[in-house]
Amino acid sequence: MIEEGPVSQHGGQLGPIPGGIGMVTKQQDESGQRPQYSMPGILHFLQTEWARFEMERSQWEVERAELQARIAFLQGERKGQENLKQDLVRRIKMLEFALKQERSKYHKLKYGMEINQEDLKPPSFDKKNEDDQMDGEVLPASNSGVSWRQGRQLLRQYLQEIGYTDTIIDVRSARVRSLLGIQPQLSDNEREGGPPALVNGEQSNKRANELNRQMGKKVPLSIGERALLESEASILNTFDFLGTDGVVDDEDEDENLSDEDGMAADDESEERLEKRRSIKSVANEGMAGIDDVLADPETQEALSEFDFLVSESGEGAGEARSHGDGPEWEERKETSGEWHVDQQVLSKLKEQYKKERKGRKSRPKRATLQAMLENLGTEDDNSPNEDNDNSLPRTMADLPELDDAGVQRGSSILFRSDPRKQILGVPGSDDENSEAALGDLARLTVSNDSDPYDISAPKEVVFRKTWNAKYTLRSHFDGVRALAFHPVEPVLITASEDNTLKLWNLQKTVPAKKAASLDVEPVYTFRGHIGSVLSLAVSSSGEQCFSGGIDSTIRCWNIPSSNIDPYDSFEPSVLQDTLVAHTDAVWGLSIHSTKMQLLSCSSDGTVRLWSPGSKSPLLNTFTLDTDNDIPTSVDFVRCDPSQMVASYTSSNTYIFDIETAKQVLKLDTKQNSDASVDNQINCVVNHPTLPVTITAHEDRHIRFFDNNTGKLIHSMVAHLDAVTSLSVDPNGLYLLSGSHDCSIRLWNLDSKTCVQEITAHRKKFDESIHDVAFHPSKPYIASAGSDALAKVFV
Amino acid sequence: MKMAAEVVTIVRRNRPGTKAENWCSWVEESFEEMDSTLAVQQFIQQAIRKDVSNVDEILTPPDGQDEGVWKYEHLRQFCMELNGLAVKLQSECNPETCTQMTATEQWIFLCAAHKTPKECPAIDYTRHTLDGAACLLNSNKYFPSRVSIKDSSVAKLGSVCRRVYRIFSHAYFHHRTLFDEYENETCLCRRFTSFVTKYNLMSKDNLIVPNLDESQVLGGESDA
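Going down the list, the sequences are from chains A and B.
Using our numbering, the first residue of the first sequence is number 1, and each one after it goes up by one.
Using our numbering, the first residue of the second sequence is number 1001, and each one after it goes up by one.
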């Protein structure tokens, strides 16, 4: 669709050309007969001349359209860079502001008084420092722009030869400026007064000052010229990078460009390019004087841009020529006589142009910075538009048709850049816009180092997960002692001191009042225990769960469907079995992930191994020789299926062999605990993949032990109060801990640092959080509190 | 931790490994010292643990206690303890023998947990009523706070009491042994009767289970 229209138009434009060419050849043949001044001969001569001019004109038309397309493209790119710049500037501002705030805070804390109000005003736009800074960054990195300077000089000479005068150049500059949309855009910005405009405006003012300072010569510049300068500065600057970017593997781009050039392969089109370049070359010359002073080539370039008008008027073309590069210059001379010979030069220019484009594409970071710099100056120029009498009327007159053609051609020729143009074309450059622009830029510049810099920064923030409370599970009447997730479904079970367990389906939520968190109502209530339910484990199939209570029993439940009607009739078979052997409260349960085996620990001092469902479910009993030591928590050793670990109120931890029920190892938990009497281990878990045992202590510590040596690996004060519960995520990367200090904390197991802390529950007596859990396969974590609530975080 | 500084040795926790007999066997905390939002629950539970049969003391609120919260927390406690009765009933009261929720033959109670009240078997009625009460009493809509409760929400407590009482009455009239066993352990029905009478949550006509004193007199009565 996009391509068709322009193509046909293009065809229309090209139509006359073949005819014209035919005429030319005929004419040239006949021109040999010129001496015979016959009437028909003169007429014929006039005719052919006219035909030639016509041809040239049509070629110019084509070329103009071509240029318009390019301009549109460049404009789009410029806007993109502007957006990028704005985004960067905004970030800088934010950071600066944050720094200032921090400083003032510090100041306040230290000296007890407020710092200057001025220093604290929120991101207003005194850009100067940053800009200078950026200049500083950019300048040393740049390199000499010899190659393009040569080209520009060539172009300039060429233009002079074909008789382009300064006035025409002025006109063209105005036109280019208008094409680049500087005026309209800027005025728009000003009128809107939106944030981007603000940034721009402020910057431009500062920048203008800066420019004036830098320019030293202080020649009154006509606004149009300035605008042109600035608009071209970006091109030039990018041009600059040609030298460095010798190696660009952008074959596609190249071909594309040559195609484009091929389409526009006639003198006129090239001439236009040259025209623009000639201006630059002139500027370059103008700068020549300052060159020596300024060590940095890129600075020179920039300055030259701004000075070129001076130099153009002041210095002769001759000097410009003298600056020209040897070989090219010679070639130029030879070929300058006739139009058709110029093709060589033109082709060179084309190449340069291609290179330029390449440079642009491969170095957007630079380009971006350049664009930023330029932008600083642009906006100055709108107010005194009237000064620009010369160029303005023509600009206005030309604009409509140019725009039409430009847009259409642009879409056909530069369709690759189309999406970018569309995106960047949206003037309201808020966050998303600039982000999108960045994304597109990044796509175009795959090998670009600015890539990660621009895009990954926000994404990193996104990827760092923070858990937020999403579901509140209300229905228990008293503290929730334990909870466990279904292995697959977003379903969990809680065990409470109110004698019940409840089954919750997180997909069945009650529409919440207005809170961020959703309320969930239980789908099933397990009643069977007499007194508090203290421990819970869900089988790896998700079909059964096991609960241990203060009534010494372990109940085996068939988990009803999570979509059951909560008020369905009573189904006694839900309680599948009751394991009776313990003689006191069952405080801990652990289920093996593959074997259907269950470990339980009880305050009767024993740890028992069960095979639920079999005829004689009790497989083994583990006891200590020492009296009065009560197991508090048990877990299978996940990376050695023949072992299990149990912690005791004495703060000892032992690894047992499951088969022989003998102690294999005694971990150094006691030695590494405080000597105080009351430092029991509340929870022990094993890392899912590593031979590491993690213990949660009453003395606020979490400790890590090596299962092979029993030695302490790491010890940390993890909470403000006793640590009650631990859970390791299924991948073994994070540890979740709950404490009676009302908070749950997420730890990075690698760095042993706290990643997040969430205050989750309230206190009842001196208890707060009884249990925490990771969902085995879904991004849920949950906490169970003495306030009768369970919470699920996502 | 304020408390820890104050009374270093007393940390009121049921740590893992606590024996059942030591459950909550800590030094009593005065209501003034309870700074938790769950102070009323703590206070009630503490009183119950102290002497389950001293109904009057259990039902005596601390000075200046908001009556709505007091009633609410007591009702929570009743519903919670009724779970124990429900567990007992589950073993004995099955849909075949008790097809309807009845106490005396006078009324058949319809289960209000369903969209249209339904003639659930007694055990289902019991479970559904307790589940429904749990949801209502934990509803973020009606009871978002356990510190202050709207009057309109307090008004809902009466209907919960009425429904819950039917569990007592059913157990009393149809599972008398079980009821007595449970009542001896908990004095729950007596406490409940005193509670609803004291706070006028049910009409006296509906309190069909005889007082404990009477039931002791009529102890020889067999269950239906």
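Treat the hints with care, since some could be wrong.
[As the list claims (entries may be wrong)] Using 35 Å as the maximum straight-line C-alpha spacing, the simulated DSBU-like pairs for lysine-lysine come out as follows: (1) B:K1204 - A:K508; (2) A:K711 - A:K752; (3) B:K1141 - A:K778; (4) B:K1141 - B:K1118; (5) B:K1198 - A:K508; (6) A:K470 - B:K1156; (7) A:K465 - B:K1141.
Source of the hints: derived by calculation from the structure; they are not laboratory data.
So, going through the hints one by one against the coordinates:
1. B:K1204 - A:K508: violated, 40 Å
2. A:K711 - A:K752: Satisfied, since the Cα-Cα distance of roughly 17 Å is no more than 35 Å.
3. B:K1141 - A:K778: holds, 29 Å
4. B:K1141 - B:K1118: holds, 25 Å
5. B:K1198 - A:K508: Violated: K1198 (chain B) and K508 (chain A) sit about 39 Å apart, past 35 Å.
6. A:K470 - B:K1156: Holds, at roughly 28 Å.
7. A:K465 - B:K1141: holds, 31 Å
Figure legend: structure checked against the earlier numbered hints; hints not met, in rising order: 1 and 5.
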